[in-house]
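Chemist: Residues per chain, in single letters:
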Amino acid sequence: MKGNTAGKLEKILSSDGFAITAECGPPRGADAQVIRNKAQVLNGYVDAVNVTDNQTAIVRMSSIAACAHLMAMGLEPIMQMVTRDRNRIALQSDILGAYSLGIQNILCLSGDHQTFGSHPEALNVFDIDSMNLVRMVLDMREEGRDMSGFDLKKPPRMFIGAAANPFADPFEYRVIRLAKKIDAGADFIQTQCVYNMDRFKDWIRMAREEGLTEKVHILAGVTPLKSEGMARYMARRVAGMDVPEPLIKRMGGVPKKKAAEEGVKICLETIAEVREIKDVHGIHIMAIEWEEIVGEIVETAGLMPRPTLKS
Amino acid sequence: MIVGEQKSIEEIKKIVSPYKKVLILGCGTCVKTCFAGGEDEVAVLASALRLAFKKDGRQIEVEEFTVERQCEDEFVQESAEAIDRNESVLSLACGAGVQAIARRYEETPVLPGVNTTFLGVLEKHGLFTEECSGCGDCQLAVFGSVCPYTRCAKKLLNGPCGGSREGKCEVDPETDCAWNLIIHRLKMLGQLNNLRVYIPPKNWSGSGSCGPRKLIRKDHIL
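Respectively, the protein sequence lines represent chains A and B.
Quick note: the first sequence, position 154, residue 154 per my numbering, numbers continuous.
Quick note: the second sequence, position 149, residue 149 per my numbering, numbers continuous.
Check each hint, because a few of them may be wrong.
[Said to hold, decoys possible] For lysine-lysine, the following DSS-like pairs were computed, each having C-alpha atoms within a straight-line distance of at most 27 Å:
#1 LYS7/B with LYS124/B
#2 LYS168/B with LYS201/A
#3 LYS187/B with LYS201/A
The hints are simulated quantities; they were obtained by calculation from the structure and are not laboratory data.
Taking the hints into account, I'd like the entire structure generated from these sequences.
Modeler: Below is the structure:
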């Protein structure tokens, strides 16, 4: 496997460990304390923290700045970067800047479409797509060049992540897309939230048959549900999300006060099942605006203590 | 063809209201086909405007004329007398037509009566869909003749995003996912292997990002 960053995430994954990442959304404001508070509750429970880049196309504190705040608290960030808002010039410039600050992990995404966000009248960029972004970061690391072919004096050496959605259509194409992302340079993959375990296992099996699981570290995405309403909303309204009806019914089958507890229970069952799959090398916990639950999930799942590798 | 949509009567009234004599100038090619600015639309709009101004107690003369193509000088010349008789021109052509008329008649206000929207096709009666962005670097051969630059809301070159569901786009469930169409076509053509090919970043330099484009055909210059 390519790459040799000094990051903790890469060390754990390349030494056959089981990695835990979580998500941290920057605030809709300039208060660094919000990030610090989220970092506080995640600290010690996860190996690296994804910092979203204006997720759902809503203007928030920049991912790079929030990553810097996390690092100051001793957490290792995974900087998410979307191609929606920046052209190739800005993307490369921000990657150089991010690396200069010590950011060593990147998750390359195209980004939620702006019509879903706070500025639907905005012009999007999409100069390149997420696949091209993966390749760009790889070329910077391996060839030491920017996209124009210019030799960089100190090339950024980042551990490269990409997203995969095993649940979107067309299903047969999902593994081909994964193969393309790996060829383009992805070192690790974080998946869309796993609720449909059968389909997830099918996807992993197909990836295994193509020899892909040998080439990349797959982290299964999980999101604890808080209520039946949330489950239904995700099933119906969130693009690319697959929440099976029995799971929604299960959330609705418990008293409202106990729903969050049930959601955590489902999440723990998912984690246990995912850990049984040999080709899954970790989990990515996306507790949306519920970061304080992450510690409890990691602890109850029996995933503590976390490795204390120095990043 | 170039697809356009006539502006609302309210907006048109506002645009032409400073003038006492208005020529509504139709265009008999693209905008005729999409029912925005052909001879029939000119007639309907003229009647509507006359009625509206009469109701408002305004004395505005509205004349009608349609040429084959407003973007070609040869056809534009046919409207010379009608333009001279009027104070202003409301062009029902695409934006290119409006500018071509304005270029020829420097002292006449030439106003747009149509919102030019896209390069598209007539998919079925009453439905026009955008299919081409005029990017100047056509790669349709790789994509089974379905353009992802134009028809994918994220301009994805290397496959569908995670939001595609049942063949529809996450941005608009009424719109086909371009990548679903590409995969379908490639399957029909026995070219599914194209999907495995990495498509490098697009060269946008011919797309209009360097200012207005020109096509020079030396062999046709007199």
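Chemist: State for each hint whether it applies.
Modeler: Hint check results:
1. LYS7/B with LYS124/B: holds, 22 Å
2. LYS168/B with LYS201/A: Holds: LYS168/B and LYS201/A sit about 25 Å apart, inside 27 Å.
3. LYS187/B with LYS201/A: holds, 25 Å
Violated hints are absent here; each numbered hint is respected by the structure.
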